[in-house]
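Colleague: If you want the building blocks of each chain, they are given just below.
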Amino acid sequence: MGQGLLGKPYHAWSVGFRRRGRPWVDGYGSIHFVQKEWAAGGALFDMGVYHIAQILYLLDNPQVLRICGKTYQAIGMDATRRDNSGYDVEELGLGFVRLQDGLSLDIIEPWAIHLDKLDGSCIVGPKGRNSPGSIRLLPGLRRPGPGHVDQPGRL
Amino acid sequence: MSTNLDAFDQPLHDLRANASAYDSPQQHWVAALQGRVLLLLTAELALNTMLISEGIYLSDRLGREVTSEEVQALSQSTAFAL
Chain A
1 MGQGLLGKPY HAWSVGFRRR GRPWVDGYGS IHFVQKEWAA GGALFDMGVY
51 HIAQILYLLD NPQVLRICGK TYQAIGMDAT RRDNSGYDVE ELGLGFVRLQ
101 DGLSLDIIEP WAIHLDKLDG SCIVGPKGRN SPGSIRLLPG LRRPGPGHVD
151 QPGRL
Chain B
1 MSTNLDAFDQ PLHDLRANAS AYDSPQQHWV AALQGRVLLL LTAELALNTM
51 LISEGIYLSD RLGREVTSEE VQALSQSTAF AL
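As given, the protein sequences belong to chains A and B, one line each in that order.
Note that the first sequence covers residues 1 to 155 in this note's numbering.
Note that the second sequence covers residues 1 to 82 in this note's numbering.
The reader is advised that the hints may include incorrect statements.
Unchecked claim - Not close to chain B: a few residues of chain A, all C-beta gaps over 10 Å, as computed:
{"no.": "1", "residue": "57"}
{"no.": "2", "residue": "74"}
{"no.": "3", "residue": "102"}
{"no.": "4", "residue": "114"}
To be verified - DEER-style ranges, computed between Cβ atoms:
{"no.": "5", "chain 1": "B", "residue 1": "30", "chain 2": "A", "residue 2": "126", "range": "33 to 43 Å"}
{"no.": "6", "chain 1": "A", "residue 1": "50", "chain 2": "B", "residue 2": "30", "range": "19 to 29 Å"}
{"no.": "7", "chain 1": "A", "residue 1": "38", "chain 2": "B", "residue 2": "11", "range": "41 to 51 Å"}
{"no.": "8", "chain 1": "A", "residue 1": "120", "chain 2": "B", "residue 2": "20", "range": "19 to 29 Å"}
{"no.": "9", "chain 1": "B", "residue 1": "20", "chain 2": "A", "residue 2": "119", "range": "24 to 34 Å"}
{"no.": "10", "chain 1": "A", "residue 1": "75", "chain 2": "B", "residue 2": "72", "range": "30 to 40 Å"}
{"no.": "11", "chain 1": "A", "residue 1": "20", "chain 2": "B", "residue 2": "35", "range": "41 to 51 Å"}
{"no.": "12", "chain 1": "B", "residue 1": "11", "chain 2": "A", "residue 2": "74", "range": "41 to 51 Å"}
{"no.": "13", "chain 1": "A", "residue 1": "83", "chain 2": "B", "residue 2": "35", "range": "52 to 62 Å"}
{"no.": "14", "chain 1": "B", "residue 1": "19", "chain 2": "A", "residue 2": "75", "range": "38 to 48 Å"}
{"no.": "15", "chain 1": "B", "residue 1": "72", "chain 2": "A", "residue 2": "38", "range": "21 to 31 Å"}
{"no.": "16", "chain 1": "A", "residue 1": "83", "chain 2": "B", "residue 2": "11", "range": "51 to 61 Å"}
{"no.": "17", "chain 1": "B", "residue 1": "34", "chain 2": "A", "residue 2": "20", "range": "21 to 31 Å"}
{"no.": "18", "chain 1": "B", "residue 1": "11", "chain 2": "A", "residue 2": "88", "range": "42 to 52 Å"}
Claimed, not checked - Incomplete in silico selection of chain A near chain B, CB under 7 Å:
{"no.": "19", "residue": "38"}
{"no.": "20", "residue": "40"}
{"no.": "21", "residue": "52"}
{"no.": "22", "residue": "53"}
{"no.": "23", "residue": "56"}
{"no.": "24", "residue": "59"}
{"no.": "25", "residue": "61"}
{"no.": "26", "residue": "64"}
{"no.": "27", "residue": "66"}
{"no.": "28", "residue": "67"}
{"no.": "29", "residue": "93"}
{"no.": "30", "residue": "95"}
Hints in this document: simulated from the structure, not taken from any laboratory.
Don't be surprised by glycine CBs; every beta carbon is placed ideally from N, CA and C.
Could you build the full structure based on these sequences and the hints that come with them?
Modeller: Right, here's the structure in full:
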């Protein structure tokens, strides 16, 4: 990132994934995870903050301008554990964030969702992408030499 | 082109100074105390992460997009009183 291999990043995804992994009601973990009084939030606060912070670090912690978000608790759960926990946090957190310099950030953080997988967090620029743990550049693209000038549309 | 950073791990440790400082948060902390690497801006990152997280909940509650100024103005501390 620091060497500009991606070009100027313009969009990023902060992604976590559990197919069916809500604490307590799905059979593991402490009851406190699903009580807003103790946890303040669900999947977003439990797991999402790590992924968001990781992306912000890679983007050099840009200023946040505007946020649009939605949370859900939609999938059924064990009735006894729902009742004795008073489950009142989200199982899915979604967000779209406008950052400084035209950057945008897409957030999805499910404790439970009917999907087999989600691609992980990622940052894209005009020359490539950076996923935490791997770097991928477009085929045929090499580090620009001295005097290189970007030519939009010719990637 | 793709790069396998796992396979690159050993040469990274062999060739780069202070590579081990990035193997774990604890090793990074020790290396920072020894003056070998800089600390990460964890407080600033945490504040920005909190701003986004609270913004998602506030936007959901209000049913519209919110500004960072709104989030900060409407934020209510849930810290325990000491």
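Colleague: If any of the earlier hints don't hold here, list their numbers in rising order.
Modeller: Of the numbered hints given earlier, those the structure breaks are 1, 17, 19, 24, listed in rising order.
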